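Participant: Listed below are the residues making up each chain.
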Amino acid sequence: MTSALELRQVSKVYGSGPTEVHALRAVDLSVEREELVAVMGPSGSGKSTLLTIAGSLEEASIGQVLVDGVDLASVSRADQARMRRRSIGYVFQDFNLLPGLTAVENVTLPLELDGVRAKTARASGLKALEALDVAERADRYPDELSGGERQRVAIARAIVGERGLLLADEPTGALDSVNGEAVMRLLRSATQRGVAGVVVTHEAQLASWADRVVFLRDGQVVDQTVAPSGPDSLLAASDRR
Amino acid sequence: MSVPHALLALLSEGPKYGLRLQNEFESRTGEVWPLNVGQVYTTLQRLERDGLVETDGDGERSQKRYRITSAGARELAGWLRTPPELVPPPRDELVIKVLVALQIPGIDIHQILQVHRRHAIEVMQRYTRIKADAARDDVPLALVADAELFRLEAIVRWLDAADVRLKQRTPVTPAEVADAPLEPTRTMEVTQ
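Quick note, the sequences are listed as chains X and A, same order.
The opening position of the first sequence corresponds to residue 1 in the numbering used here, with each subsequent residue numbered one higher.
The opening position of the second sequence corresponds to residue 242 in the numbering used here, with each subsequent residue numbered one higher.
Just chain A, with the same shape it has in the complex (with noise of 0.2 Å):
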């Protein structure tokens, strides 16, 4: 979550004092990103700096009302339209345990999807609850939700295709593993 940019957002529509930042923002990112009022004061000192905000006065940093700059109403619409990292080198976490347990004699690999499975399902019930409870108006919230939510879906997906693909193979014992010979190490690489 970039700090900086949401209090540029909340600048967007008009100057306002640091406390009332701190509150704008927890509200309106479902109130999942809790933000002290020392790190929003801290934030606009920094985008002061870089020409981004601007007060309207020298005294106390509660009494000073910040507003968005030409220069910051640019790098706000530059970051918006910036696409983040999507493309993480393949060293996920779940596809190491996968690919490890493979090697294991004796191992239910189906058993070992199952557990991650069930468990990225509780993980989505709860989510799904917050969803449920929440009110019907609370559309960041809704929105914080099912982010999390299409992203366990994805890794539900992944371990259903890695079950199918694991049921098709032609079993190989890790002994037949072993004695085979050394191969010049495959690397993935995808580019943006």
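Next comes chain X alone, as it looks inside the complex (with noise of 0.2 Å):
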């Protein structure tokens, strides 16, 4: 089965000679869809730089990134912004809604770049917005919205769609750990739905949402976790009496 996103062997240098960074070196990574894997590191591990490479904002010094099969380098760089429109949605710290708009004319802007009608881009947009419980403040503009529902909207918008792959970048922001434990039962249900998830956080907790947390260090994937057993080898512990 094709992957709904693959790194195989990906490198990127920045600079060269004594300036030379080494940002990733030889990461594998393959994410299937329904699957939502968190990538941890330190600062400058690389993690940030794999998810933008992950999601065609940056191209890869050397190896391969294939998104539903498809190698970002074949295609041509108008291709390539069409499967960012189109397959891939992207959740970022700072929401990075554009104030002028409404929720809903946030979330349906992707769909209207890529020539959907206003009217069938409007309800798919209504749809992403119900999924994520914020329907009712669809033509409200980002600064009447409280912290969580403008994230709430920003998955939305990430979601809208036939999107196969979502990629966030330390989405719970500055939201508090109830908040933010919210945002993470949202990404985990779209990828329950179908979709693949990427997120990069140093946060253990939000990490730990994940089917599988991948650590970074120095730009090398050092560790992965083994997928959990079940939870009730934990809870029925009877030193607990």
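Quick caveat, the hints were computed from the structure, so don't treat them as lab data.
Covered stretches of chain A (in silico footprint by chain X; criterion: 3 or more residues with CB under 8 Å from a CB of chain X, positions within the stretch not fixed):
1. 357-365
2. 394-407
Here are some of the chain X residues that sit facing chain A, going by a computed Cβ distance under 7 Å:
3. ALA204
4. GLN205
5. SER208
6. TRP209
7. VAL213
8. ASP223
9. THR225
Keep in mind it's a predicted model, so treat the numbers as computed, not measured.
Every residue, glycine too, gets a C-beta built ideally from N, C-alpha and C.
Quick one: dock chain against chain with the hints and give me the complex.
Facilitator: Here is the structure:
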């Protein structure tokens, strides 16, 4: 089966000569549909670079990036841009909503840029907002929304249409832990509906919402968690009496 | 977990039979602490002896209804406000493992830290799964899972900090350590 995202021996080098920085070194990573993967690592470990390369916002120096089996290097820049609009959704730390557009207009923008008719786009936008339980705020502007609502709108924008890959960079931003947890629940339920998700975070609690946690260090994948076993054994521990 | 105080808390809502106390104890602690009915009656007997609960009859234990006394209410209020022991001596097993690892020639300390980090996060994933699968209104279960998650997160943060600290240190060879003159042992004391 084709992975939703596959990185094969991806390296990224910035600069050259004495100022050369190896941000990623021969990274292999596959993410399947219905899988949420968290990428953890200290500052400067290459987490954000990995995400921008996975989302074709940046090119790898060496190696291949395949989205739904399509090698990004094999398609034109125009086709890459189309893939970014149609197949890949992004969630950023600071929401990145356009202040002059309402919630639903923010959500439908990528569809309309892609030539979808306004009425069809609005229907898809409302459906995405409804999935995130924020449809009643559709016609509000970002500054009329709470932090949690803004992030829901940002996630709706990332999943609207038929996106197969959801990429999130520290998506809980400055939200408190309960609202941060709500964001992770939403990302998890989005992946359970068939999307592949990659979340970059430095917070262990947020990473623990993922099916798999990949650890980066100095640009290399050094470790990953194995699938968690059933929860029963944790809470049935008799020594808690 | 203090079973006597949990039972006093349940009785502060009104008189109850032993079996009901057992059921309520389990459901209100997120069903994390199973409690058999024998334990419930033994505890109630002790509470009665100490004047913290009283019963309304001399029949079979299963037929007795227990109620909290005013002394029991005072004991419960005092217990709720007494902080648990927060200052254990610094003899955490993980800390000791890392300190020991530092003395072993050729060991990759960062790999040791990573093994423990991965294990802690795998356990966190399991608690988070419990929280994710639980009913939205199961607040006791969420609170229990949160407590474990915050405890484990603290371990991960300590491992992260250790990683950075050890990366920045000036390497000292075990031979240098072995040759260094002995100094009096330092102790770390924390007063409450």
